[in-house]
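**Q** Residue strings, one per chain:
Protein chains: 2
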Amino acid sequence: MEMGLCFENDGEADCNAVLKALQPIFQEQGMTETVHNWEDHGYLVTYIKKNGSFANLRIHPHGLVLVDLQSYNDDMKGRQEVDQLLNKVEERMKELFHGNIKRVKRLPAILRGGVIDRYWPTADGRLVEYDIDEVVYDEDSPFQNIKILHSKQFGNILILSGDVNLAESDLAYTQAIMGSGKEDYTGKEVLILGGGDGGILYEIVKLKPKMVTMVEISFDKWPVIPSNIDQMVIDGCKKHMRKTCGDVLDNLKGECYQVLIEDCIPVLKRYAKEGRMFDYVINDLTAVPISTSPEEDSTWEFLRLILDLSMKVLKQDGKYFTQVLVAGGRDGCCGKGSLCPTEPMPAGSSMTLLLAKAEPISDCGSASGIRFLKDQKLLHNSSCNQREVRICERNSSADSQVTEEGGAGHVPGTSA
Amino acid sequence: MEMGLCFENDGEADCNAVLKALQPIFQEQGMTETVHNWEDHGYLVTYIKKNGSFANLRIHPHGLVLVDLQSYNDDMKGRQEVDQLLNKVEERMKELFHGNIKRVKRLPAILRGGVIDRYWPTADGRLVEYDIDEVVYDEDSPFQNIKILHSKQFGNILILSGDVNLAESDLAYTQAIMGSGKEDYTGKEVLILGGGDGGILYEIVKLKPKMVTMVEISFDKWPVIPSNIDQMVIDGCKKHMRKTCGDVLDNLKGECYQVLIEDCIPVLKRYAKEGRMFDYVINDLTAVPISTSPEEDSTWEFLRLILDLSMKVLKQDGKYFTQVLVAGGRDGCCGKGSLCPTEPMPAGSSMTLLLAKAEPISDCGSASGIRFLKDQKLLHNSSCNQREVRICERNSSADSQVTEEGGAGHVPGTSA
Numbered sequence: 001m002e003m004g005l006c007f008e009n010d011g012e013a014d015c016n017a018v019l020k021a022l023q024p025i026f027q028e029q030g031m032t033e034t035v036h037n038w039e040d041h042g043y044l045v046t047y048i049k050k051n052g053s054f055a056n057l058r059i060h061p062h063g064l065v066l067v068d069l070q071s072y073n074d075d076m077k078g079r080q081e082v083d084q085l086l087n088k089v090e091e092r093m094k095e096l097f098h099g100n101i102k103r104v105k106r107l108p109a110i111l112r113g114g115v116i117d118r119y120w121p122t123a124d125g126r127l128v129e130y131d132i133d134e135v136v137y138d139e140d141s142p143f144q145n146i147k148i149l150h151s152k153q154f155g156n157i158l159i160l161s162g163d164v165n166l167a168e169s170d171l172a173y174t175q176a177i178m179g180s181g182k183e184d185y186t187g188k189e190v191l192i193l194g195g196g197d198g199g200i201l202y203e204i205v206k207l208k209p210k211m212v213t214m215v216e217i218s219f220d221k222w223p224v225i226p227s228n229i230d231q232m233v234i235d236g237c238k239k240h241m242r243k244t245c246g247d248v249l250d251n252l253k254g255e256c257y258q259v260l261i262e263d264c265i266p267v268l269k270r271y272a273k274e275g276r277m278f279d280y281v282i283n284d285l286t287a288v289p290i291s292t293s294p295e296e297d298s299t300w301e302f303l304r305l306i307l308d309l310s311m312k313v314l315k316q317d318g319k320y321f322t323q324v325l326v327a328g329g330r331d332g333c334c335g336k337g338s339l340c341p342t343e344p345m346p347a348g349s350s351m352t353l354l355l356a357k358a359e360p361i362s363d364c365g366s367a368s369g370i371r372f373l374k375d376q377k378l379l380h381n382s383s384c385n386q387r388e389v390r391i392c393e394r395n396s397s398a399d400s401q402v403t404e405e406g407g408a409g410h411v412p413g414t415s416a
Numbered sequence: 001m002e003m004g005l006c007f008e009n010d011g012e013a014d015c016n017a018v019l020k021a022l023q024p025i026f027q028e029q030g031m032t033e034t035v036h037n038w039e040d041h042g043y044l045v046t047y048i049k050k051n052g053s054f055a056n057l058r059i060h061p062h063g064l065v066l067v068d069l070q071s072y073n074d075d076m077k078g079r080q081e082v083d084q085l086l087n088k089v090e091e092r093m094k095e096l097f098h099g100n101i102k103r104v105k106r107l108p109a110i111l112r113g114g115v116i117d118r119y120w121p122t123a124d125g126r127l128v129e130y131d132i133d134e135v136v137y138d139e140d141s142p143f144q145n146i147k148i149l150h151s152k153q154f155g156n157i158l159i160l161s162g163d164v165n166l167a168e169s170d171l172a173y174t175q176a177i178m179g180s181g182k183e184d185y186t187g188k189e190v191l192i193l194g195g196g197d198g199g200i201l202y203e204i205v206k207l208k209p210k211m212v213t214m215v216e217i218s219f220d221k222w223p224v225i226p227s228n229i230d231q232m233v234i235d236g237c238k239k240h241m242r243k244t245c246g247d248v249l250d251n252l253k254g255e256c257y258q259v260l261i262e263d264c265i266p267v268l269k270r271y272a273k274e275g276r277m278f279d280y281v282i283n284d285l286t287a288v289p290i291s292t293s294p295e296e297d298s299t300w301e302f303l304r305l306i307l308d309l310s311m312k313v314l315k316q317d318g319k320y321f322t323q324v325l326v327a328g329g330r331d332g333c334c335g336k337g338s339l340c341p342t343e344p345m346p347a348g349s350s351m352t353l354l355l356a357k358a359e360p361i362s363d364c365g366s367a368s369g370i371r372f373l374k375d376q377k378l379l380h381n382s383s384c385n386q387r388e389v390r391i392c393e394r395n396s397s398a399d400s401q402v403t404e405e406g407g408a409g410h411v412p413g414t415s416a
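Read top to bottom, the protein sequences are chains A and B. The opening residue of the first sequence carries number 1 in UniProt numbering; numbering runs sequentially from there. The opening residue of the second sequence carries number 1 in UniProt numbering; numbering runs sequentially from there.
By construction, these hints were calculated from the structure, which means they are not laboratory data. Please read these numbers as outputs of a predicted model, since none were measured by experiment. Hints are supplied without guarantee of correctness; some may be wrong.
It does not matter which identical chain is meant; a pair holds if it fits inside one copy or across any two.
What the hints assert, rightly or not - List time: in silico EDC-like cross-link candidates among lysine to aspartate or glutamate, alpha-carbon distance up to 20 Å:
#, residue 1, residue 2
1, 105, 134
2, 105, 140
3, 105, 2
4, 105, 138
The shape of chain A in the complex, shown without the other chains (with noise of 0.2 Å):
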């Protein structure tokens, strides 16, 4: 378990004056001072405690001083001792500053090596701590690592190689990537490309399509991104996934349904020659970063290869959904206000995907969104007029939310 402590002040602190304040409170606990100076960056001074317990005490010299304290024990007793020498830390600085502390911050303590991680990062790059309380299923697949953990707050969750994918409360993504209920999916031939927890194959069986095709991705074409139609996240998420998948997955087949545990692109090609035909190809890729750094041009080729046979078997009025994955967090690509890079993407193969000053479409509108449905602008050859390209982007994954899509269905595409 770790905590930390966290004063700010504007200007000089002297950091002696503020080494002085605290050290009687790590002495008090018994704890061995070990002090290093580094005159212009200020001092580190450890505290060893006998338990195997310890402290990091880092004064800057610009105001900032930190306090971490680790300790292996996370009992109520360790976790109060813990607690305590922080608030007399805290008290102390208080007196020392006479109340003008700019910044205090108190960090939740963070528990490392325990038998359940409740860590996991967004797609952005974000620390968020889930309330996880049981590793429902736990497993590595030839491709990658499989976990189904139950959060009291989301249900069960599955995660994908570290990757949070779908939670059992994530319905409204779905039902986003589906067309957020404005689509007609009766008598319809749909063709699902990924989609493994079988949410969106589950949830259009519902609505009596003609016939419902779900296929793998790709795992040559795309070995470093986790994938979801695998025979093993179809067996975790059958037992443990009902409230997403119910029954599809049970027999991978049914009157209007069928799974297909191969790689798409050969069957893609296969249909394209056969001349088989959908209403909606629906791309449930795990996640597609909107980038436009080179080093991810193979990503992009990938994803042009699987636009171009999409294109190749959607019928002239058919629709296209997939949904990106918003890249930037932390260094943002993306402006103020704005959910989307500016830049296009790198241009060459027969698709460009154009995402010109995309707005979201909910905007804050209904609920807090994490995933966004918005209108696509299609720059394309003309094999793809008059078909929409839908795109549902994600920033996160089960703490997320579509509940309002706005904005005009159609959008014809203007020729490159």
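Use these hints to put chain B onto chain A, whose structure you have.
**A** What follows is chain B alone, placed relative to chain A:
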């Protein structure tokens, strides 16, 4: 900036072998080493760099190895250097254990002492990093600190004394506490207690009520809990939370509404005396912990007083809506799958809220929910027979949702 890496192994670790393997990585960086050997608790090794950065290597004999780096600079170069060092540590550890490491976990970097504080714990004490990119408003009123921070994901977020209150994206919360669109406010008399962000007022005013009165909770009785009608909260919200409050806070009154910035207790007493009655009382307390611990008795006394007075001004067929905060979090007074404590509240007053086996209504149905609406069994005296009391539960704040609300509407109470 702090970055950490955590390794876990089953069984005993040879602490000395780990130390020997990792030492060169830090020494290559020109870091000076200080080793503390507990004998029975493993090692703490502190590595200090000339530029003010340092690292802790904690080797536990139980097989847990923690590496933490703290550097003052958070530039791209500093980040890359830290990343590279941690990569080397990870590589070396995998070599040493021939890949047999039970778990390797690297948490996102934690930034402390920055201009923008991105870490706002949830009400149940979990660490959450928001994608905050701007401090929009930061003022101290006589009662509390008021912050409005901009998040790319949630829009502007109101934070009162460190407690995340409401984001502009939280319309779902406002709708939930108003009865999830199932109530007809046309021509009705409505009393809002608290609600200083103006969200409830704005939404109800749209529904053509007869009169809505919004009044402050109470500063005197409950000084420790941040309050949300405070002139400075209103000043901040009317400028920066307009998606939430529209124009209702601009003049504090209109044809069918008035905002009273005064303690609700005397106001409620006056209304009760005058016989002024309401169709709806909506109590938008900032955070009401559900807890049975004795030290919070005064909070319950206060809540009973508010509830008691509210019942006195509520028409015979009126409705009382409120929200509560689900306590528990890590220490979990809540059992698996249950969002609610099963112990009764301390009794003794004229009202006893009994949260017996309350189940979340939406139960992971649509949308990941942080706030749930639930039916509430109310053991009460005769004065509130036939009245409906609804409690809208909350765990957290900006990242919260209610989109589904099932359950029966009217729950007649039984006599205590």
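**Q** Please list, smallest to largest, the hint numbers that this structure does not respect.
**A** Result: no hint breaks.
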